[in-house]
Amino acid sequence: MDPYIEIHNLSKHYGPIKAVDDLSMKVLPGDIYGFLGPNGSGKSTTIRMMLSLIRPTSGQILLFGRDLATDRFKTLSRIGALIEKPDFYNYLSARKNLEILGKLSDISNLKTRVDEVLDIVGLVPRADSIVRTYSLGMKQRLGIAQALLHHPDLIVLDEPTNGLDPQGQKEIRDLIKSLNRDKNITILISSHILYEIEQIANRMIIIDRGKSLVEGNVQDLVNSQDRQVAFVLGDTTAALKLLDNTPWTARILKSNDERIYFKINKDEIPHLNTFLVENKMQIFAVEPVRSLEDFFLQITDDDKVN
Amino acid sequence: MMIKLISIELFKIFSKPRTYIGFGAIIIIVLALEFGILLQGDNIMGIIIANIKDRFMFEGNIINLYLVSYVILNTLWVHVPILVALVAGDLLAGEANAGTFRLILTRPISRVKLVFAKFIAGWIYAVMLVILMAILSIGIGKILFGAGDLLVVTNKVNVFSSDDLLWRFAGAYAYGILSMTTVAALSFMLSSMADNSIGPIIGTVAGIVGITIISTVGASLLGPVNKYIFTSYLPSWQLFFQTDSGLASLGHAVLIQLIYIVGFMGITIWYFRKKDILS
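Note that the protein sequences, when read in sequence, are chains A and B. Counting from 0, one number per residue, gives the positions in the first sequence under numbering that gives the first Met the number 0. Counting from 0, one number per residue, gives the positions in the second sequence under numbering that gives the first Met the number 0.
In isolation and in its complexed conformation, chain B is listed as follows (with noise of 0.2 angstroms):
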């Protein structure tokens, strides 16, 4: 029944325009920054390395396929949340909205089920997203650019040689997937206290930008308790391009990010299970 429920759902998300604003949006994007470094990395790339390229000296292609692909992963917590709050947050709100949970509640199904299947769709759904941005920014990079050794500065320059990379990639957007399961988690669960999905759509972007804000500004008010707040890991995939002791903060992340997912899942069901179905 599980898998007849998920096939269900998937159904209906690949049914709505909406979904496919996603899809397009990522397109663009990737694109958009592609062609803008194929024209403009050079200017860029000489004001990012200008304080250091008196002490370093850079040999070979820097603008390469990670470069590009790691500049696109820095836009992942900034678009890719909008993109899945905007098919998350409808996934029960939506139902509420359109008067259909009087035709599925009435049947015999569980209300339990009908969330793990939803949610499940609404990750494969994010899943997605991830995946074509990795597909479009490595691919289209590969073509544009070719390989090359990673640099990445920060507070410090790391070089990571290029037959170093794949697995760090995979690793940044297999965490990637995790932040955005967060996300469709906390869009999933205001889906289902809405009847309909505007509030849970705003509400998600709205809350992670303004938590982001609030853990940065007053950094040294929340103090300690920022490092439980799961936007203080939504970019922590950066991780996979510092030295192994990033590597050892992952855990942590990692950590958080799936207990606040079961968190929001958990305050879904106990409230879904709940509700009155009055829309």
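In isolation and in its complexed conformation, chain A is listed as follows (with noise of 0.2 angstroms):
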């Protein structure tokens, strides 16, 4: 099967300005797909060429294995997309909303699936409410709602969960989730949050000012790095004592009263753990300390010095 979308060499100048430089990335049906990059690397603008709101300088975007440049409407009556913000007509109900942007869409009994994806982003108590007496968590679910009215195979969400409380990014994760497992819905999610994307994205690409750093699964990725692990430990004086001469004592980073914390490779772990062990040493519990949000700085400050 196609990829549902293919980017080759994509880039976008404004002037010198180069927003998106050379791009290349794709996405599998099936994938949550997380689209990691710090606040201006070119990931709106992007997505904006992607759904053909902004004309690519170069380059060239495959969607469903068509190109866009030539085949927009058959390409984009697949997609749902929230981008950025979600602005709607403030002054019209979330129905009126929909029912305008259903059409737009052409959709067949449309006050049916109006009900339905009111339903599934959980707004049908307020579905007949003006638009502007809305929180901001629900007109994330009203621009998934939109999201979704068409049927769409793929869904494009930029920043779904910026400026939510800790509750509403979990709801919102949790939907995301939801279509992708229950519907089959391929996503692609952009974000600066970069816990977001390891909670939920089983591929991913890095960006940078515009560039691709690094694409590929998201564990594979987190893995394949050096990780800081915590020991918590019942005498971390004796234990600092057994590892001198050993060759973990290079490993180690810090330490304080209850925890010693390595810098290992992740098949390193056990070998550790056993040494500690087989050393009468009392451990409470091995923390993850090393995350996406480390790898991705890592990433990123890697080609700040390049």
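Please note: incorrect hints may appear among the correct ones.
Stated by the list, open to error - Computed cross-link-like contacts, BS3-like style, restricted to lysine-lysine with a CA-CA straight-line distance of at most 30 angstroms:
hint, chain 1, residue 1, chain 2, residue 2
1, A, Lys25, A, Lys73
2, A, Lys73, B, Lys226
3, B, Lys274, A, Lys84
4, B, Lys15, A, Lys110
5, A, Lys73, B, Lys273
6, A, Lys84, B, Lys3
7, A, Lys95, B, Lys112
As the list claims (entries may be wrong) - Label pairs and their computed distance ranges (CB to CB):
hint, chain 1, residue 1, chain 2, residue 2, range
8, B, Ile26, A, Tyr194, 44 to 50 angstroms
9, B, Ala24, A, Ser177, 24 to 30 angstroms
10, A, Ile129, B, Met1, 25 to 31 angstroms
11, B, Leu143, A, Ile129, 36 to 42 angstroms
12, B, Ala24, A, Lys110, 42 to 48 angstroms
13, A, Lys73, B, Gly198, 47 to 53 angstroms
14, A, Gly39, B, Ile130, 47 to 53 angstroms
15, B, Met1, A, Pro28, 31 to 37 angstroms
16, A, Ile129, B, Met0, 41 to 47 angstroms
17, B, Ile130, A, Gly64, 48 to 54 angstroms
No wet-lab data here; the hints were simulated from the structure. Since this is a predicted model, take the numbers as computed values, not measurements. All C-beta atoms in this analysis are idealised placements derived from N, C-alpha and C, irrespective of residue type, glycine included.
Both chains are sitting in their own frames, so use the hints and assemble them into the complex.
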């Protein structure tokens, strides 16, 4: 099966500024694809080019195997999108907004479908309220509802949890996961909230200053790096003495009364654990400290150095 | 699809409170003028015909519905362009300002069709304003003043028999619609280039007033260019209340207006098709 999104050497220049610079990426059917990068890295510009809101300076965008430049209608009819802020016709109700957008997508049985998507995002009780009265969280859910309206195969979500409280963020993440799992919808989600991508995406790309830094499976990318691990011990002083003059001592980053922090590869963790246990050290916990956030910062810092 | 797009745009226009400012303003202007003339008409008419009353004998109902409608028509190119710009200037810029282009242009619709649908919807609004003005001025005028011959005093005196007037008013209002279409097209063009509707609205009004002042004050400087400037033809509905030689100039006025409408729309489509949606 063709990738749902295939981008080749995409660039967008505004005069001397390269908003997107020779970017290539691939989103496969069934993916929850994380599109990661700091603010201003070119994520939104890329997404806008993917949805024909912005014209690329150069490069090619294939959606469902078709060229967006020549087959815009057929490709866009299979995509739902929520780009940046969830903006609507604030003077109309949620239902009226969805009806207008549904008509543009030529949806049959529109009223039924509007009720269905309102139900999916949990907005039925407020469906007839004017959107101006909605909270940001409700608008985000309405944004996802409009993206779902025409039964898309692919949904593009640009920073969908921006500005939401932790509860709201979790609700959106759960909704995204359920859409992927239960409705078999492929999802591209951009974010600078790294934890978010780590939580829900199976594949990802990291971009910075418009350029791709790394693309691949989220777990593989994270596991390929050395990680920080904290061993919570009964007696850190004894443990430090034990580790002295062993190869592990070079891997110690820091320690305190309860924990010793190591910078080690994932595969080395059981060996270190066994070594400590065999030498009668009490281990209360092994805590991963290294996260995608560290990985992301390391990658983007490396890029800046280079 | 086109009819669906137009109906959506009309629905959006008529869901906005600002749309009704235009209708409210027309009602207030017409009523104010009609009742003003009812109360002060004799005095005003006395001033207008002061210089000619010694040479002409006036009989019958001079202040009648046709005279009142004629006076009201004179407000057409002053007030209605503002009301038309208020809506036409918001058609594209309003979507940019609200961020809703992100919703509609990511759907499988043509930008060119969207531009036409929005313009047609805006045009329907402009037509409704002019028709409301016609119905109110003639309808209330008939109740308050009754019929009669129309006396038009410009650099000469024209008197039109009451049975020769309906088609002239119909023509004048139709021409008024054409003028307002030009205004709407200008405002719409500016709207396509802006991300906020204030600019196109003010730009349209300032443009019309500014060009009119320049072309009037600098008429001798601009010379032959003046006859190709669209603002010179906004008040050309008055040609319907002149003699046959006036009507002969109408073709040129209509042609100039049509050229500007096509020009403004052409620029709008060219610009909007390649516009990056950054809002």
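Verification of the hints:
1. A hinted pair counts as satisfied when its Cα atoms are at most 30 angstroms apart, and Lys25/A with Lys73/A qualifies at roughly 19 angstroms.
2. Of the pairs offered as hints, the one joining Lys73/A and Lys226/B is violated, with about 48 angstroms between alpha carbons and a cut-off of 30 angstroms exceeded.
3. Distance check on the hinted pair: Lys274/B and Lys84/A sit about 20 angstroms apart at the alpha-carbon level, within 30 angstroms; holds.
4. Distance hint between Lys15/B and Lys110/A is fulfilled; the C-alpha atoms sit about 23 angstroms from each other, no more than 30 angstroms.
5. Restraint check for Lys73/A and Lys273/B: satisfied, since their Cα atoms lie roughly 20 angstroms apart, inside the 30 angstroms limit.
6. Taking the CA atoms of Lys84/A and Lys3/B, the gap is near 27 angstroms; set against the 30 angstroms cutoff, the hint holds.
7. This hinted pair checks out: Lys95/A and Lys112/B have alpha carbons roughly 22 angstroms apart, not beyond 30 angstroms.
8. Judged by the Cβ atoms, the range 44 to 50 angstroms given for Ile26/B and Tyr194/A is violated: they are separated by roughly 58 angstroms.
9. Evaluation of the 24 to 30 angstroms hint for Ala24/B and Ser177/A yields a failure: the beta carbon distance comes to about 51 angstroms.
10. Our hint of 25 to 31 angstroms for Ile129/A and Met1/B holds, since their Cβ atoms are close to 29 angstroms apart.
11. With their beta carbons about 41 angstroms apart, Leu143/B and Ile129/A fall inside the hinted range of 36 to 42 angstroms.
12. For the pair Ala24/B and Lys110/A, the supplied restraint of 42 to 48 angstroms is violated, since their beta-carbon distance comes to about 37 angstroms.
13. Separated by about 36 angstroms at the C-beta atoms, Lys73/A and Gly198/B break the suggested range of 47 to 53 angstroms.
14. At about 51 angstroms, the CB distance of Gly39/A to Ile130/B agrees with the hint of 47 to 53 angstroms.
15. Distance hint for Met1/B and Pro28/A: a CB-CB separation of about 35 angstroms, consistent with the stated range 31 to 37 angstroms.
16. About 28 angstroms separates the C-beta atoms of Ile129/A and Met0/B, a value inconsistent with the hinted range of 41 to 47 angstroms.
17. As the Cβ distance of Ile130/B to Gly64/A is approximately 52 angstroms, the hint placing it in 48 to 54 angstroms holds.
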